[in-house]
Amino acid sequence: MTVLKLEGEGDDWRLHLDGDWSLAAMAQIEAQLRVLPGGLHGTLVCDWSRAEAPGIGPVWALLMRLADLGTEHFDVRHTGDPPHFLELLQRLETQHRAAPAAPEIAPTLEHTVGEVGRWAVLQGAEGRAVIGFFGRLVTVLREAFSRPRALRPSSLARHIYETGITAIPIVSLIAFLISVIVAYLGAQQLGRFGADIFVVDLVTISVLREMGVLLTAIIVAGRSGSAFAAEIGVMQLNEETDALRAMGMNPIELLVAPRLLALVIALPLLTVIADAMGLAGGGLLSLLNLHIPLPQFISRLRESISPTTFWAGLVKAPVFAVLISMVGTYRGMQVRESARELGRLTTVAVVQSIFMVILADALFAVLFVQIDF
Amino acid sequence: MEVRSNEIFGIVGGSGTGKTVLLRTILGLRRPDAGTVELYGKDVQELAAADRSSLVQSYGVTFQNGALISSLTVAQNIQLPLREYHPVSENTLDELADLNLALVGLARDAGTKYPSQLSGGMVKRAALARALSLEPKLLFLDEPTAGLDPISAAAFDELLLYLHSQLRLTVVMITHDLDTLFRTCNRVGVIVDGRMITDTLDGMLQNQNPWIREYFHGPRARAAEKDAHG
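Here the protein sequences come in this chain order: R and F. So in this note's numbering, spot 223 of the first sequence is number 223, and the numbers just go up one at a time. So in this note's numbering, spot 110 of the second sequence is number 110, and the numbers just go up one at a time.
No lab work stands behind these hints: they were computed from the structure. Take these hints with a grain of salt, some might be off.
What the hints assert, rightly or not - Derived coverage of chain F by chain R (criterion: at least 3 residues anywhere in the stretch with Cβ under 8 Å from a Cβ of chain R; other residues may be distant):
#1 90-96
#2 165-171
To be verified - Which residues of chain R face chain F? A few of them, derived with a C-beta cut under 7 Å, are:
#3 Met26
#4 Gly57
#5 Phe85
#6 Leu86
#7 Gln90
#8 Leu92
#9 Glu337
#10 Ala339
To be verified - Away from chain R, derived, C-beta distances all over 10 Å, residues of chain F:
#11 Gly14
#12 Gly41
#13 Val56
#14 Ala154
#15 Trp211
Here the structure is a predicted model, which is why all the values come from computation and not from measurement. Glycine included, each C-beta is placed from N, C-alpha and C at the ideal position.
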């Protein structure tokens, strides 16, 4: 229990510092210091004889409080075995008073306008940076194709494995389940009109044109887009990209291009697998729930799709791959300074790449209707 | 090995001999493969969770690269353990941050900076300020002067000696810096051939083990020794 007692009158004051004065009692000490009255003058004697285990922090807080009360109006003395570090703290306190505190910036109108302007300039710079990034990437890719070694086959293989092959189970499972759900709900509705057989049309067209590729792209954006951003981001924090540049190597060629090419190869292949699994799911549900035998399902499937249906889905995959890998790697390259930035930009990478994929999908839908694909 | 209170104990050894592993074991960040670690006479592994928490508060640690939390300012880094264990007002927290900055000789405005804005020497000092914030009696330092220029490193040595005498700290320090070793340490533990040999510095200079001879009588050691004594 900490007790702070001020005794005396006129020019002669005595401050008893009794009880626990360790850092653990800081909250109590703080509260008691706050009620010390101002307007002291003459001498103030701090009596340490009954203070237990005085800590550095509490003693510092006492010195600070006394200074706030106006030590220019009274002399402070210490008696009764003051802590051994008191002299050190007094010296530090003098230095501390001499050093100006960091000025606090009050928000003014000028400041606010300045912030808006800063934001606008930053957005403009970011826009230019994105275009610059794309331009450098295109240059690197053009060079790489004329010089096959620059394609980094081993790195390419690793990324195809990580973004493609390891994604097969989750992509298959989700494509299968979603198409089962679509077929099941479709059967509920179409069954009312006795149009059960059109479930096959519903499943095949939706899976081949849209859902196979879109679901795959979204899963890959979540898996690999974030991985790209995080991996390159940590390399940025570690100055690995700077090291590459200093050794005359281009991080875009080494880090970005292999990931982009790998995804452009892997995503269409994953889409084919997702399409197959989606059709399998639709077929299985038709067989079990609607009692449409498999041969009938397949012949209906042939009738329902035009030759372009499959390609209308697949052709989108490389475009989505480019979007996902560019957003992921670009955000990774933007990481500077702190772990928080890394987390923020990884999140941004995933959110933006999914958004871009869906936006591109919408544009494709309009385009395909216009050209009757 | 045994560390006595109020001494500065240096741990040296070739790269890969397990100095950092030793430190991590003492701190309870990994379990010892064999043997026990006792701090203040108690086996660290046997402690209950509550005792462990108070044990952790009783020592300060700095890591090789500072390990300041990069998303917090220096002042917030210093306040982090204070906030966790001693809930006091913001005003007092700011005062305590100023105190710890002053103790390690950093300017007041360094508190508002982020770790990425600091120089190497300032990072080491800021890490020390954070380690000191709970007023420990025992400090563990992992390579406190590695990567500093000789002037900053010498200033850090002086700071350490100063804090050691003023705050009566016990310091356990891993170091490769021979100047630091000769300037600050009372006793030294050398990890050689998988064993720890502890002795005073003078004792080490007499030691006949080939690695220790090489270490303490190499050209760099002779220069550092001459500096420390002359």
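Here's how the hints hold up against the structure:
1. 90-96: n = 3 at 8 Å, threshold three: holds.
2. 165-171: It holds: at least three residues are needed, and the stretch 165-171 of chain F offers 3 whose Cβ sits within less than 8 Å of chain R.
3. Met26: Since the shortest Cβ distance to chain F is 5 Å, the answer is holds.
4. Gly57: Holds: closest Cβ of chain F sits about 5 Å from R:Gly57, inside 7 Å.
5. Phe85: holds, 5 Å
6. Leu86: violated, 10 Å
7. Gln90: Cβ of R:Gln90 sits 11 Å from chain F, so the hint is violated.
8. Leu92: Since the shortest Cβ distance to chain F is 4 Å, the answer is holds.
9. Glu337: Hint on R:Glu337: holds, closest Cβ of chain F at ~4 Å, below 7 Å.
10. Ala339: For R:Ala339, the interface hint holds, since the closest Cβ of chain F sits about 5 Å away, which is under 7 Å.
11. Gly14: holds, 25 Å
12. Gly41: Given that every Cβ of chain R is farther than 10 Å from that of F:Gly41, nearest at about 19 Å, it holds.
13. Val56: holds, 14 Å
14. Ala154: holds, 21 Å
15. Trp211: holds, 32 Å
Checked against the numbered hints listed earlier, the structure breaks hints 6, 7; every other hint is satisfied.
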